[in-house]
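Visitor: What follows is the residue order along each chain.
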Amino acid sequence: IDLASQIVRIATTLKVENAGGDPVSEVLFAFPDHQAKNLALLVATTTEGKGKTKSSGGSLPIEAVHPEGMPPALTWYTVSLPKGLGKGESLTLDIMAVFSHLLRPFPEKITQGDIQLVVFQDSAHYLSPYEVKRQSVRVKLPEPKVESYTKLEDTKFSGSEITYGPYENLPPFSYSPIAVHFVNNKPFAVAKELVREIEISHWGNVQVTEHYTLLHDGAQSTGEFSRLDYQARPQVKGASSFSNLVAMLPPRAHSIYYRDEIGNISTSNIYGDSTKTLLEIEPRYPMFGGWRTSFTIGYGLPLHDYLFHSEGKRFLKIFFGCPMNEMVIDNLIVKVVLPEGSSDISVSVPFSVKQGQETKFSHLDMVGRPVVVLEKTNVVPEHYQHFLVHYKFNSLSLLREPLMLISGFLFLFVACIIYHHADLTISKSSASYLAKLQWDEVQASIQQVLNIINRCIATHDKVEASLRDLSRTGDVQACKAARKAADNLWKELSKDLKPLLAFLQSSPQAVQILPKVEELVAKERELQERIMSKHSTVVDCYEKKSSGRDIDNRVASIQQKITALRQEVDDLIEVIDEI
Amino acid sequence: MVGKVEAVNGGVKPTTTTPASSETPADLAPPAFSFRALKLKTKQQELLIRVTILCLVYVLAFIARLFSVLRYESMIHEFDPYFNYRTTLYLTQKGFYEFWNWFDSESWYPLGRIIGGTLYPGLMVTAALIYWTLRFLRFAVHIREVCVLTAPFFASNTTLVAYFFGKELWDSGAGLVAAALIAICPGYISRSVAGSYDNEAVAIFALLLTFYLFVKAVNMGSLAWALASAFGYFYMVSAWGGYVFIINLIPLYVLVLLITGRYSMRLYVAYNCMYVLGMLLAMQIRFVGFQHVQSGEHMAAMGVFFLMQVFYFLDWVKYLLNDSKLFQAFLRITVTCAVVVGAVALGVGTASGYISPWTGRFYSLLDPTYAKDHIPIIASVSEHQPTAWSSFMFDFHILLFLFPAGLYFCFKRLTDATIFIVMYGLTSMYFAGVMVRLILVATPAVCLISAVAVSATIKNLTQLLRAKNKAAGPGKGATSVKASSKASLDQSLPFQRNGAIALLVGAFYLLSRYATHCTWVTSEAYSSPSIVLAARGAYGNRVIFDDYREAYFWLRQNTPSDAKVMSWWDYGYQITAMGNRTVIVDNNTWNNTHIATVGRAMSSYEDEAYEIMRSLDVDYVLVVFGGVTGYSSDDINKFLWMVRIGGGVFPVIKEPDYLVNGEYRVDKGAAPKMLNCLM
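Protein sequence lines, in the order shown, are assigned to chains V and U. Per my numbering, the first sequence starts with residue 1, numbered consecutively. Per my numbering, the second sequence starts with residue 580, numbered consecutively.
The hints are simulated quantities; they were obtained by calculation from the structure and are not laboratory data. Please note that the accuracy of each hint is not assured.
[Stated by the list, open to error] DSS-like, lysine-lysine: derived pairs with alpha carbons at most 30 Å apart: (1) V:428 <-> U:622; (2) U:1143 <-> V:109; (3) V:360 <-> U:673; (4) V:534 <-> V:523; (5) V:335 <-> U:673; (6) V:335 <-> V:276.
[As the list claims (entries may be wrong)] Far from chain V, some chain U residues (derived; all Cβ distances over 12 Å): (7) 867; (8) 905; (9) 937; (10) 967; (11) 993; (12) 1002; (13) 1098; (14) 1246.
Even glycine gets a Cβ: it sits at the ideal position worked out from N, Cα and C.
All chains, full assembly: derive it from the sequences and hints.
Guide: Shown next, in the form of structure tokens:
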């Protein structure tokens, strides 16, 4: 009997012999009712062979039965043996029973400085419907400190172990009560409820979220709590309390968080290596007897460690119980949230659980994600085992959410474009609306005028460039050709300009801007003339083969004017642009 | 972040960059041609740059406020926000109708509090709407995240409003500068970091929006804008008690316009529509109710409203009567009558009690010494203290120098809009001097006026530079450089160009210092949630003191769900929100007597205190002691205020009993009454 923590583990090794005639295929055994109702796990295995060649077989099926004619207040279980036990044959059975809430604190109320004492009651004799030839009990304690224990004959107390027996030739149903009253300051952390949510994202993550509602189920704390004393000597002034819990998370766990309803809890640490991730968390306050707290931890796991394919189906293989060390869970709810669009869901769990289904809505869900809900009461660390969830899922559904987002933005932009281009004026005949329309037209035509002017100026530049070419190459013909092209262009442009100017003159909206535009056009024309005269002068000079200095002298006065005009034109363009 | 701000400031004058490119060409023709091609789209370019800057400012305003989330976590800060968070939670869970009719029995035990009728619901409704919208769009966010990010989100929106306001006041350049300044101004950040989920967070947005819309309405004379400003006012009323500032400033502004002879039809339309509709809408808020027609604080608006009508009437009569003498006589009679009728109405109203007199808070705003003598509960709050110079410097930095410069520019170009901003700036500066927390109200005005200064200065300087460039630019390429440069040199003062460059560099240096300062202040001073304390450990590591939440969570988990907790009122909201337990008094200090009872219990001998607490059904008492960690704002520190407030109602409690020779001591030399009281 292992009493080293709040959980009681009774490992029974039975060597069963068939003393009767008929082959036996079942073995009966019993626990008293007060123990049986706290039974969390019961596993029976057989070991075959002896000594070093021992090999343990698989676990055997166990059933609760109600045989007749047995004493009351006992709960019966039967183990089906792998093969019938013939006459005189024997077999070794290992029965592992795990109990929670079996240790009763006594006294039930203690103060801050007290240590916690608990009582354990059992029988020194093995409770069995069969005759017991030889039997002994060993009780393992957490510390070598015992308040009292039942002293029978053949009782030994050494270190932190009490041994009863061996007793021989006990009749069926022999019972010899024992009680051990001992110090147990191990954390009596009991999760009243634990909701684990395992959410699968096919983008590569398994998100596990665990909501704990925790209770210190040891001796109730009474009297006052002095934080100062606790801070100064936590070992003495808080022996019965616990301040931290350790969770053994799977390796490669990432994005770990630890928080509760009112925010993040800053007291936690992570240590990790390649085989596991250790998360050490401290609740907001040290937990004394009877105190409660609640918190949430969450972490992400890489998907490829837990999700596999087989025969067109996918299956998730992940742990069922809770990763906390030595914690008892009264009510465990495991929810597996599958991706939206999963179908054909089936679950296989190595022990009996209550199953259900619900739907969860998360980011960008239309129909909701299917959730498998598994419920189990009275869970101990031994339940930390794998379970499987099979389902079908089409990989193309993955693209649905990004596509939804993209189309959402697309619609937004399209709506903006439509709004920008649509005319939403209610009264199409109102004065201000008409004025606005006219103003738009005026602006458009001014823009056109500006375009034309700019093209003119570009042509000026071309002519100037041709002049520079001339000075470099002396090719008079090319220069003349450029001049001709420019002349043609100017003519066309001035033709284009006429209707626009006429429109501007007729429009009442353009009254303010019209003088500027006209000035601009006039100046531009002047500039044009100047450049032409400059051009002809220079070409003339070249034809007469005058010296460079001579040309410069003749052109200088024109050049100065051109520069001034150019400046004015630029200024005007800018002014009009700003209107 | 600093770099970005500088970019923002630097980009304010987008056109300054273009002339620079005209300077470069050594070989003329091709670059000049491409420059022309670019020049075609100057408008679009400017628009693009403007929109980009605005977007950057928008994002910047948001992320500058996220320091607290990065340093700590996504959590609600301070005291009042916890109440807002709790009510928002209730609103999202139970729906609007339940929220409106909520009687909260968890606070002010045994009186309870009618939540729906005693709060400004704007903030909660806003957050709930954002939450519902996101939910509708299938984003499974938690309401806490929405609440935490509401303040930064609205701060970003405020920058947009500031841009439009600046544009309305001066030009789009000033608008951009205003947006950039307000985005990181510490005075505003202090109330709008992520997690400070308080009324002010949305109220400043609403305040500026209302003002902007009203100024726009006055400028345009358009009914639509006036209507919009009425709705802005409604939103402001629903969000914060500071709406009283609007309803007094706008009439004052209108009055000034009337006096300075700027009365116009535009003003008439804008003010009447805004006032009448705004008043009717504001009455829909239960907490405000009929105050607009009954309380003294709102009478100025009504008086100005009637004055407007008289003005209009006179205008009409003047139009009808061509004889000026007759009109003078008529004017005298009407004005006298109007004044007499107004005075009589006010007098009768006040005497009969129909119009309530000004409240203490209002008085304390106008007269800084009032609260100290009459209402200790207002004086006991640190954010109600008069402002020190250092905190002006801390919150405004260079804006403090730019503010007068901006005023100068505003006076130089007086329009209806600049008159408004000048009045807003001056009045709010006065109030900021009276109360620390009202720096917040002054911030937008200060930013706008400073933006005018910055924008106008930089514009002048760059114009100077550009004029030079223009003259020099084409001259370089041409043959006669000497002539043109001579001409331009003659016009200007010596060293003007260099001076302008130096001043520009100086201005940008100042602005970049401002950006650095703001970032520093935000990260160091204003991003602490105050419920979690952080300190540097001996080895430079961060130590987090989370004792408040530890206590609240213990209360939440380990006390009976109907337990009553007595604490000083500061912690009331947090206990109800985080501890989920009933409290006796909380931060909504509506019942002075109740608070005084708690103060009395805290400062009485233990046996007397026990009697008082039994009568209040108290199960637990929460006191904060910071002696171990050296936390200074604990209950011992606040104790004298408990004595003062308790003594204000129960004369049994006398302040001198707790002092030794006029000194406040808490060691063993303390007064005997002090040593033996509950605290």
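Visitor: Minimum C-beta separation from residue 937 of chain U to chain V exceeding 12 Å: can you confirm that?
Guide: 40 Å, holds
Visitor: Quick one: work out the minimum CB distance from residue 1002 of chain U to chain V and report holds if it exceeds 12 Å, violated otherwise.
Guide: Nearest chain V Cβ is 31 Å from residue 1002 of chain U, so the label holds.
Visitor: Beyond 12 Å on every Cβ pair: is that true for residue 993 of chain U relative to chain V?
Guide: 23 Å, holds
Visitor: So is residue 905 of chain U really clear of chain V, every C-beta pair being over 12 Å apart?
Guide: 36 Å, holds
Visitor: With a cut-off of 30 Å on the C-alpha distance, tell me whether residue 1143 of chain U and residue 109 of chain V pass.
Guide: 24 Å, holds
Visitor: Quick check for students: does the CB of residue 1246 of chain U sit more than 12 Å from each CB in chain V?
Guide: Answer for residue 1246 of chain U: holds, closest chain V Cβ roughly 18 Å.
Visitor: Hey, is residue 1098 of chain U genuinely clear of chain V, shortest beta carbon separation above 12 Å?
Guide: 25 Å, holds
Visitor: Next pair to validate is residue 360 of chain V with residue 673 of chain U; report whether the Cα-Cα distance is within 30 Å.
Guide: 21 Å, holds
Visitor: Report holds if the minimum CB distance from residue 867 of chain U to chain V is greater than 12 Å, and violated otherwise.
Guide: 32 Å, holds
Visitor: When you check the alpha-carbon spacing of residue 335 of chain V and residue 276 of chain V, does it fall within 30 Å?
Guide: Holds. Residue 335 of chain V to residue 276 of chain V sits at ~23 Å (cutoff 30 Å).
Visitor: Does the no-contact call for residue 967 of chain U survive, Cβ to all of chain V over 12 Å?
Guide: Label holds. Min Cβ-Cβ 33 Å, cutoff 12 Å.
Visitor: For the pair we were handed, residue 335 of chain V and residue 673 of chain U, check the Cα-Cα distance against 30 Å.
Guide: 27 Å, holds
Checked against the numbered hints given earlier, the structure satisfies every one of them.
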